[in-house]
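Peer 1: Let the sequences and hints guide you as you build the complete structure.
Chain by chain, the residues:
2 protein chains.
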Amino acid sequence: MTRTAFFISDGTGITAETLGRSLLAQFENLEIRMVTKPYIDNIDKAQSLAEVIQATAIRDGEQPIIIDTIVDENVRKIISSAPGFKVDIFSTFLAPLEDELATHSTYTVGRTHSIGRDDVYMNRIDSVHFALDNDDGARTHQYDKADIILIGVSRCGKTPTSLYLALQFGIRAANYPLTEDDQDEDGTLKLPRALMPHRHKLFGLTIDVRRLAAIRSERRPNSRYCSMDQCMQEIQQAEALYRQMHIPYIDTTRFSVEEISTRMIAEAGLNRRF
Amino acid sequence: MTRTAFFISDGTGITAETLGRSLLAQFENLEIRMVTKPYIDNIDKAQSLAEVIQATAIRDGEQPIIIDTIVDENVRKIISSAPGFKVDIFSTFLAPLEDELATHSTYTVGRTHSIGRDDVYMNRIDSVHFALDNDDGARTHQYDKADIILIGVSRCGKTPTSLYLALQFGIRAANYPLTEDDQDEDGTLKLPRALMPHRHKLFGLTIDVRRLAAIRSERRPNSRYCSMDQCMQEIQQAEALYRQMHIPYIDTTRFSVEEISTRMIAEAGLNRRF
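Order-wise, the sequence lines are chains A and B. Mapping of the first sequence onto UniProt numbering: position 183 corresponds to residue 183, and the numbering continues sequentially without gaps. Mapping of the second sequence onto UniProt numbering: position 186 corresponds to residue 186, and the numbering continues sequentially without gaps.
Hints are not guaranteed to be accurate.
Chain copies aren't distinguished; within one or between two, either way the pair holds.
Said to hold, decoys possible - Derived EDC-like pairs: lysine to aspartate or glutamate, alpha-carbon spacing no greater than 20 Å straight-line: (1) 190 with 126; (2) 145 with 133; (3) 77 with 88; (4) 145 with 72; (5) 145 with 218; (6) 201 with 251; (7) 86 with 72.
Since the hints were made in silico from the structure, they are not lab data.
Peer 2: Put into structure tokens, the structure is as follows:
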């Protein structure tokens, strides 16, 4: 029997969904279908959604969980008339916060401090373009402007991490691939020359051999590039380099991009721009 | 007088920060300094942070707001000994949810359903590389695989939005620039030929003329490219094309990338992959 959870908002739904997923993740034995419903910002949309909730309750044989950040009072009334176990984020926390802060809240629809601000917008654009211009070792002459330089073997997660750092935190992240071109005659991987002046900005990525082989074989099936031998050799060389040069590194296998990025920020002591 | 809010977690801090920013955004008259402290996952880190909170309370002359998703009981005890107005997300909501779901929660550290899952990881990598390969009209032969194709003038926000859609929702977004190359002899912008078979996937972006001129002049100061005349002409042509072809569009000026992306998903009825 699967239960349903609705994350409902008259804004983006990001707050309701983020909190909802965190709370429900604490019940890992239950299978819960999760549905996000953003921009429920008028009576018509609220009524349609209330009908969907009603139908879901009948289908599931149990009332849905409803986690919301609806600000509009009329919308809120309609949703609260639908059958459900309600986790009302704003009304739970805003009243005590109003007391503590000795002021009334403005209940702006879906508005948060971080959204729509000019400095955030500009920093995001700049950081995303920095990450793109400096992706995969394409350029190295802007490394003095980089906040961090990610290194690792091909397809270990450098690009998504660089972009997440840019979009979410305004951090300027370059990335540079470790390849056989930088091996010694005896097969030992050396720190590429372009990275030497920036050693203090380097952060390594590593990955489980099987995961890497699977990712690479989606791109180039049955190639040497995706063979277990090749993947293992590259990863061992990369990790040996990190240890020898005292470069901090993280294994991306067990972590999401969110976790990799926030761990890097914490470990490298990076300053977020928002 | 500025007050301080701490968003504290033994995981990424994303839930505490997201909820905290949403709540505090409802008090827009107050200036609140916001500090996120992720990975507070042992006694030592907790004790250092408790000292920081103590010092902040003295400096501000008021107790900080503390919004946390700490799971570890020992860490939680230390933080709760520091002076602060506490908004305890888990203990507020998990007990009632445990009753409703008739089961105990597992209180896994920072674990959410969406994190570390293999399908999320693969979909993210694929979608990010799709967005990069299909950025700025670089290719058009993969448009049959695109979930959505963003169009708009240069620097109106296509690339950051495509990447956000990829990272956050696993949506495959291509983007294509509208330029003077696609103008008629009489100066009217026509739908580029490569986009014609995919009209139903198009979503337009537009932007305020002054904002566009400011963004462009950071890139190429004192150029025709960044002049108000040029920006206005391009934007008018683009909007005329959207209206004529019944292409849905959104003004990126007033919205964050989160809002633009989630509105597109809602309006275009896109299916998120996670």
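Peer 1: Are the hints correct? Go through all of them and say.
Peer 2: A quick look at each hint next to the structure:
Within a single copy, residue 190 and residue 126 get their C-alpha atoms no closer than 32 Å, and across copies no closer than 30 Å, so neither meets the 20 Å cut-off. For the identical chains of this complex, residue 145 and residue 133 are intra-copy neighbours only, at 12 Å inside a copy versus 25 Å across copies, given an alpha-carbon limit of 20 Å. For the homomeric pair residue 77 and residue 88, the shortest alpha-carbon distance inside one copy (12 Å) is at most 20 Å, but the shortest distance between copies (26 Å) is not. In this homomeric assembly, residue 145 and residue 72 never come within 20 Å of each other (Cα to Cα): the closest approach is 44 Å inside a single copy and 38 Å across copies.
Within a single copy, residue 145 and residue 218 get their C-alpha atoms only as close as 34 Å, which misses the 20 Å cut-off; across copies the closest is 16 Å, which meets it. In this homomeric assembly, residue 201 and residue 251 come within 20 Å of each other (Cα to Cα) only inside a single copy, at 18 Å, whereas the closest approach across copies is 37 Å. For a Cα distance limit of 20 Å, the shortest separation of residue 86 from residue 72 inside one copy, 16 Å, qualifies, whereas the shortest one across copies, 26 Å, does not.
Comparing the model with each earlier hint shows violations of hints 1 and 4; every other hint is respected.
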